[in-house]
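J.: Sequences and hints are given; from them, build the entire structure.
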Amino acid sequence: MQNSAILVENVSKRYVIGNKMPKYELLIENAPRVFIDLFRAQKKKQLIWALKDVAFEVKRGEVIGIIGRNGAGKSTLLKIISRIVEPTAGRVTIDGRVGAILEIGAGFHDELSGRENIYLNGAILGMKGKEIRKKFDEIVEFAGIEKFLDTPIKYYSSGMHLRLAFSIAAHLDSEILLVDELLAVGDVEFQNKCFSKMRQITGHGRTVLFVSHNMTAINAFCSSVILLEGGRIISLGRKEQVVSKYLETVYKLVDTELQQRVDRQGDGRMRFTRYWLENAKGEQIPAFCSGEGAVICVQYSSKSEDRLHNVSVAFALKDCMCNQITDLANRVSANIWDEIPSSGVIRCKMPRLPLVPGRYMFNVFSRVNGIIADWIIDAGVFEVEAGSFFQNGKLSDQGQGNILIDQNWEVS
Amino acid sequence: MGKKIIEPSSGAVTGAKFKEIWEYRELLYFFVWREIKVRYKHTVIGVSWVVIQPVIAGLIFGVIFGKFVRLPSDGYPYLLFFFCAMIAWNLFANAALKAGEGLLINRNLVTKIYFPRILLPISIVLENTLDFFICCMVFLAMFFVFKIKISAHILYFPIFVFVLLILASGVGFWFSALNVRYRDVRYAIPFLIQVMFYSSPVVYSTTVIPEKWLFLYALNPVVGIIDGFRWAFLGKAATLHITFPASVLCASLIFLSGLVYFYRTQKNIVDII
Numbered sequence: 001m002q003n004s005a006i007l008v009e010n011v012s013k014r015y016v017i018g019n020k021m022p023k024y025e026l027l028i029e030n031a032p033r034v035f036i037d038l039f040r041a042q043k044k045k046q047l048i049w050a051l052k053d054v055a056f057e058v059k060r061g062e063v064i065g066i067i068g069r070n071g072a073g074k075s076t077l078l079k080i081i082s083r084i085v086e087p088t089a090g091r092v093t094i095d096g097r098v099g100a101i102l103e104i105g106a107g108f109h110d111e112l113s114g115r116e117n118i119y120l121n122g123a124i125l126g127m128k129g130k131e132i133r134k135k136f137d138e139i140v141e142f143a144g145i146e147k148f149l150d151t152p153i154k155y156y157s158s159g160m161h162l163r164l165a166f167s168i169a170a171h172l173d174s175e176i177l178l179v180d181e182l183l184a185v186g187d188v189e190f191q192n193k194c195f196s197k198m199r200q201i202t203g204h205g206r207t208v209l210f211v212s213h214n215m216t217a218i219n220a221f222c223s224s225v226i227l228l229e230g231g232r233i234i235s236l237g238r239k240e241q242v243v244s245k246y247l248e249t250v251y252k253l254v255d256t257e258l259q260q261r262v263d264r265q266g267d268g269r270m271r272f273t274r275y276w277l278e279n280a281k282g283e284q285i286p287a288f289c290s291g292e293g294a295v296i297c298v299q300y301s302s303k304s305e306d307r308l309h310n311v312s313v314a315f316a317l318k319d320c321m322c323n324q325i326t327d328l329a330n331r332v333s334a335n336i337w338d339e340i341p342s343s344g345v346i347r348c349k350m351p352r353l354p355l356v357p358g359r360y361m362f363n364v365f366s367r368v369n370g371i372i373a374d375w376i377i378d379a380g381v382f383e384v385e386a387g388s389f390f391q392n393g394k395l396s397d398q399g400q401g402n403i404l405i406d407q408n409w410e411v412s
Numbered sequence: 001m002g003k004k005i006i007e008p009s010s011g012a013v014t015g016a017k018f019k020e021i022w023e024y025r026e027l028l029y030f031f032v033w034r035e036i037k038v039r040y041k042h043t044v045i046g047v048s049w050v051v052i053q054p055v056i057a058g059l060i061f062g063v064i065f066g067k068f069v070r071l072p073s074d075g076y077p078y079l080l081f082f083f084c085a086m087i088a089w090n091l092f093a094n095a096a097l098k099a100g101e102g103l104l105i106n107r108n109l110v111t112k113i114y115f116p117r118i119l120l121p122i123s124i125v126l127e128n129t130l131d132f133f134i135c136c137m138v139f140l141a142m143f144f145v146f147k148i149k150i151s152a153h154i155l156y157f158p159i160f161v162f163v164l165l166i167l168a169s170g171v172g173f174w175f176s177a178l179n180v181r182y183r184d185v186r187y188a189i190p191f192l193i194q195v196m197f198y199s200s201p202v203v204y205s206t207t208v209i210p211e212k213w214l215f216l217y218a219l220n221p222v223v224g225i226i227d228g229f230r231w232a233f234l235g236k237a238a239t240l241h242i243t244f245p246a247s248v249l250c251a252s253l254i255f256l257s258g259l260v261y262f263y264r265t266q267k268n269i270v271d272i273i
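Read top to bottom, the protein sequences are chains P and L. The first sequence begins at 1 in our numbering and counts up by one. The second sequence begins at 1 in our numbering and counts up by one.
None of these hints come from the bench; they were simulated from the model. A couple of the hints might just be wrong.
Think about it this way: if two alpha-carbon atoms lie no more than 20 angstroms apart in a straight line, the pair counts; the simulated EDC-like pairs of lysine to aspartate or glutamate are [what the hints assert, rightly or not]:
#, chain 1, residue 1, chain 2, residue 2
1, L, Lys-4, P, Asp-110
2, P, Lys-394, P, Glu-292
3, L, Lys-41, P, Asp-150
4, L, Lys-37, P, Asp-110
5, L, Lys-41, P, Asp-110
6, L, Lys-4, P, Glu-175
7, P, Lys-52, L, Asp-271
8, P, Lys-281, P, Glu-229
9, P, Lys-147, P, Asp-110
10, P, Lys-134, P, Asp-173
11, L, Lys-17, P, Glu-86
12, P, Lys-134, L, Asp-271
13, P, Lys-130, L, Glu-23
14, L, Lys-4, P, Glu-9
15, L, Lys-3, P, Glu-57
16, L, Lys-3, P, Asp-150
17, P, Lys-147, P, Glu-111
18, L, Lys-37, P, Asp-150
19, P, Lys-197, P, Glu-131
20, L, Lys-41, P, Glu-240
21, P, Lys-128, L, Glu-23
22, L, Lys-4, P, Glu-278
T.: What follows is the structure, encoded as structure tokens:
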């Protein structure tokens, strides 16, 4: 314990679930119980373990990433360490002041000015008045809101709002910092700023626990990584190993999903069984990168051993709001295949992915001999991460559309 | 900074809980400051609202019950008699009403950041205490208008204020915790407050209550406090010796049980709010 900043010992967290127990109840039906509750412990109900026997140690100055799929218990773990929720069992020992950035901007008040909110939010995050005054100028400068300091923040743009919130949180001077997925927000310029601020924070001997879905961020900041699944630690150690183990579990999930989809149309002469993403070198990757080679790979099989004739395949590409962006179709961009094997892998290669960072989905569609063979709506999903499409090191702004187009500029 | 240990707690109220509230006093101050700042933003007459509301209410009640209905007021000008009770009542009613919503309104904060949740109802009581003192000033000014001397009992005034704050906080703890668990409390509170208004001696005197019922009547803890206020400012309150002990007893019970119930609820608050 001498050197450890956080010691987590067999921590479990149990939640009550099911429709047996509504979130809140009617007092009328429970009036007697309110008084019984005063003197008696809770009765047993239907339960689920969000965390089960989680144990690990974080040494002073270590930067630890926590990864896992949704519902794996990452946020619950951070909430326990930051004392927002109580563990059901186990113990956490913390040596040092804890600052938590679980949701930035919590406690902002719309009617108050930027200046007032800095003081309020600072106090909520646990800064002393003296400390806030000392850091005030730094916070304002980082957020870039000098001109609007005395404007109520309800008139702020969402970007300004966010910058201010992050700026306050980032200037928190705690020995231990808990961060939950904050790089997923803001325009690219500000994301870069956050990134370098995070690098600065993590480089200063502070202990950081960092939850993220962004493997790039995990790779950039963390020394070791904890992988949670179903409330248990299934892997803990060097980041390369744990991250690849995590990705394996993700692929496994995708496998089963496409094959087991029942919401599909077509006569089934050809069936898509799974999909994955590859980069230009043919390596499996978890997400695409804007401006780099991207390959959507879809595996298919068919009922008989016979080769398939006159096959047309299309992936309809949609943004995260389900608006179709384009259609990737061999029929248009190349030719319908006269003859293909009864099973195999179809690859659609895009040399320089012209999409801005974000989440995209695609349908898969195939027609064999003029008859629809398989058609799954929203068959796959992929993320596009920031990259330089124009190959000059500059990133495109977010909120300016989805598509990137090659362009030359001239003035005369 | 020493080591902190996080373990499942029993939800019991211990000395450590009070120490923690003290450690977070600065945040408490910011909560009060926030509420006051926000309340009068974008209002034309601003803080004057604190004064205008009770004065107008006082005048209306004064004319109707004092001049028309001619309720007995123990020999004092009815307006003074009524106003004295009203400042106590307003603090109680406003604090109880708003504290009841305290946790729900700040749901966003409660689920995202740790702080002793009890700061929320406490800050609401304190915020209303500020209004209360402004009203006290107005009340004192009335003595000059009516050219009546303030009783020497005023020295005991802080005791009654203390009991009033204990009561308001206790009720605030109960309401805010209940409101998290049972959403129908939200509708019950205003009704309850209204019922209490008529069963408290705000517009009438406790002397209208038959003596044999007096102790029972004073189990409404507001009764003894209002009696105390009248005794402190005006000098006389015939029933104080019965009503005040009953009210102190009741207020303490409400406060302590409220504290226990609040911490019981706080234990799992994020799971249910």
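J.: Hey, Lys-4 of chain L versus Glu-278 of chain P, does the alpha-carbon distance stay inside 20 angstroms?
T.: Violated, because 46 angstroms separates the two Cα atoms, which is more than 20 angstroms.
J.: Quickly compare the C-alpha distance for Lys-37 of chain L and Asp-110 of chain P to 20 angstroms and report which way the hint goes.
T.: holds, 12 angstroms
J.: Can the restraint linking Lys-197 of chain P and Glu-131 of chain P be considered satisfied, given a maximum Cα separation of 20 angstroms?
T.: Since the Cα atoms of Lys-197 of chain P and Glu-131 of chain P sit roughly 19 angstroms apart, the hinted pair holds (cutoff 20 angstroms).
J.: Regarding the pair Lys-4 of chain L and Asp-110 of chain P, is the alpha-carbon distance no greater than 20 angstroms?
T.: violated, 34 angstroms
J.: Need the status of pair Lys-130 of chain P, Glu-23 of chain L: alpha-carbon distance at most 20 angstroms?
T.: holds, 15 angstroms
J.: Please work out if Lys-41 of chain L and Asp-110 of chain P have their alpha carbons no farther apart than 20 angstroms.
T.: Holds, because 11 angstroms separates the two Cα atoms, which is no more than 20 angstroms.
J.: Is the Cα-Cα distance between Lys-41 of chain L and Asp-150 of chain P 20 angstroms or less?
T.: holds, 13 angstroms
J.: Would the hint linking Lys-281 of chain P and Glu-229 of chain P be met if the CA-CA limit is 20 angstroms?
T.: violated, 30 angstroms
J.: When you check the alpha-carbon spacing of Lys-3 of chain L and Glu-57 of chain P, does it fall within 20 angstroms?
T.: At roughly 15 angstroms apart (the allowed maximum being 20 angstroms), Glu-57 of chain P and Lys-3 of chain L satisfy the hint.
J.: Between Lys-3 of chain L and Asp-150 of chain P, is the straight-line Cα distance small enough, at 20 angstroms or below?
T.: violated, 39 angstroms
J.: Given the hint that Lys-147 of chain P pairs with Asp-110 of chain P, test it: the Cα-Cα distance must not exceed 20 angstroms.
T.: holds, 17 angstroms
J.: Please verify whether Lys-17 of chain L and Glu-86 of chain P have alpha carbons no more than 20 angstroms apart.
T.: Since the Cα atoms of Lys-17 of chain L and Glu-86 of chain P sit roughly 15 angstroms apart, the hinted pair holds (cutoff 20 angstroms).
Against the hints set out earlier in the document, violations occur for numbers 1, 8, 12, 16, 20, 22.
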